Amino acid sequence: MLVIRRDLVDAMVEHARRDHPDEACGVIAGPEGSDRPERFIAMDNAERSPTFYRFDSMEQLRVHREMTANDEETIVVYHSHTATEAYPSRTDVSYASEPQAHYVLISTRDPEQHELRSYRIVDGVVTEEPVEVVESYMFAHTGADDTPDCP
Amino acid sequence: MAVIVSIPTILRTHTGGQKSVEAAGATLAEVIDDLETNHGGLKQRLVKEGALHRFVNVYVNDEDVRFAGGLGAAVKDGDTVTILPAVAGG
Numbered sequence: 004m005l006v007i008r009r010d011l012v013d014a015m016v017e018h019a020r021r022d023h024p025d026e027a028c029g030v031i032a033g034p035e036g037s038d039r040p041e042r043f044i045a046m047d048n049a050e051r052s053p054t055f056y057r058f059d060s061m062e063q064l065r066v067h068r069e070m071t072a073n074d075e076e077t078i079v080v081y082h083s084h085t086a087t088e089a090y091p092s093r094t095d096v097s098y099a100s101e102p103q104a105h106y107v108l109i110s111t112r113d114p115e116q117h118e119l120r121s122y123r124i125v126d127g128v129v130t131e132e133p134v135e136v137v138e139s140y141m142f143a144h145t146g147a148d149d150t151p152d153c154p
Numbered sequence: 007m008a009v010i011v012s013i014p015t016i017l018r019t020h021t022g023g024q025k026s027v028e029a030a031g032a033t034l035a036e037v038i039d040d041l042e043t044n045h046g047g048l049k050q051r052l053v054k055e056g057a058l059h060r061f062v063n064v065y066v067n068d069e070d071v072r073f074a075g076g077l078g079a080a081v082k083d084g085d086t087v088t089i090l091p092a093v094a095g096g
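Line order of the protein sequences matches chains F and B. First residue of the first sequence? That's 4 in this note's numbering, and the numbers climb one at a time after it. First residue of the second sequence? That's 7 in this note's numbering, and the numbers climb one at a time after it.
Please note that a few of the clues may not be correct.
[To be verified] Facing chain B, according to a computed beta carbon distance under 7 Å, are these residues of chain F, among others:
id, residue
1, H18
2, F55
3, T94
[What the hints assert, rightly or not] Covered by chain B, per the in silico footprint, the following chain F stretches (three or more residues, Cβ under 8 Å):
id, region
4, 60 to 70
5, 97 to 105
6, 111 to 125
[Stated by the list, open to error] Interface residues of chain B toward chain F, partial, derived using beta-carbon atoms under 8 Å:
id, residue
7, H45
8, V53
9, F61
10, Y65
11, D70
12, A74
13, T88
14, L90
15, P91
16, A92
17, V93
18, A94
19, G96
Derived from the structure by calculation, the hints contain no laboratory data. Keep in mind it's a predicted model, so treat the numbers as computed, not measured. Using N, Cα and C, we set each Cβ at its ideal position, and we do this for glycine too.
Next comes chain F alone, as it looks inside the complex:
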């Protein structure tokens, strides 16, 4: 299950709407091992295409270094589909290489009503998971709650 704050969901949807009809993409970083998305990072789609996306490689290196310096990891990888449903394409599956990440797809094909769904993609196998949108992580049931905050 993906537990995610509403403002982060809104930010992904806004980005997808803004770049429509091209695909939008980005990541949400969080503390390493926490499974808690916290820092929203919109990325450039180097392909600027309605059917394909690719992180700009130099921007990706910069973000990777920031995340390493902050002890963060990629919790969510998101991108939009602008003419099809929010389900990973064969290309999406072939590139998926973060087994710990939630792959979020946002479809903007309907101008009024977006569709947002989340998946795990491990060794080429796609598994959809529920998305729980929360106002704050403080009261949400997240994996991190299983570990006490204080030693």
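Following the hints, position chain B against chain F.
This is chain B only, laid out in the frame that chain F set:
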């Protein structure tokens, strides 16, 4: 000639979980061959038909080697080679 190679999570099964390893070589191709001798299986994840695999980005220091000579990119003592999975799709 020693360089530090930063390994992404997905490839750490080949390095016993290590985030970075040392390797030697004067070009990226030599560094990858040296990696392969100590961490078998890495090369086929990085190279396909004599070129870098489209699923990975490789950087020497701050340069994406796709724009700096590919496998022939020069590497010198003290350089950092960073491997990242390409993030892309349709």
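Hints, one by one, checked against the model:
Of the supplied interface hints, the one on H18/F is violated, with its beta-carbon coming no nearer than about 15 Å to a beta-carbon of chain B, more than 7 Å. The closest approach between the C-beta of F55/F and any C-beta of chain B is roughly 5 Å, which is under the 7 Å cut-off, so the hint is satisfied. With its C-beta approaching chain B no nearer than about 4 Å, T94/F sits inside the 7 Å limit, and its interface hint holds. Note: the region 60 to 70 of chain F has 5 residues with beta-carbon separation from chain B under 8 Å; the three-residue rule is met and the coverage holds.
A count of 7 residues in the region 97 to 105 of chain F with a Cβ less than 8 Å from any Cβ of chain B is obtained; the coverage claim is therefore met, three being the minimum. Check result for the region 111 to 125 of chain F against chain B: violated, 0 residues qualifying (beta carbon to beta carbon below 8 Å, three or more required). The restraint placing H45/B at the interface with chain F is violated, with a minimum CB-CB distance near 17 Å, outside the 8 Å limit. Against a cut-off of 8 Å between C-beta atoms, the interface hint on V53/B is violated, since the closest Cβ of chain F lies about 16 Å away.
The interface hint given for F61/B is met, as the beta carbon of that residue sits about 6 Å from the closest beta carbon of chain F, less than 8 Å. Taking 8 Å as the C-beta cut-off, the interface hint given for Y65/B holds, the closest approach to chain F being about 6 Å. A least Cβ separation of about 5 Å between D70/B and chain F falls short of the 8 Å threshold, and the interface hint therefore holds. The interface hint given for A74/B is broken, as the beta carbon of that residue sits about 11 Å from the closest beta carbon of chain F, more than 8 Å.
Checking T88/B against chain F by beta carbon gives a least distance of about 7 Å; that is within 8 Å, so the hint holds. The beta carbon of L90/B is positioned within 8 Å of a beta carbon in chain F (closest approach about 6 Å), and the interface hint is therefore held. Of the supplied interface hints, the one on P91/B holds, with its beta-carbon coming within about 4 Å of a beta-carbon of chain F, less than 8 Å. Hint status for A92/B relative to chain F: holds, with the closest Cβ pair at about 6 Å, below 8 Å.
Residue-level restraint check for V93/B holds (minimum Cβ-Cβ distance to chain F is 4 Å; threshold 8 Å). Below 8 Å, beta-carbon pairs count as interface contacts, and A94/B has one with chain F at about 4 Å; its hint therefore holds. The criterion of a C-beta within 8 Å of any C-beta in chain F is met by G96/B, whose closest approach is roughly 4 Å, and the hint holds.
In summary, the structure is inconsistent with hints 1, 6, 7, 8, 12 from the numbered list given earlier, while agreeing with the others.
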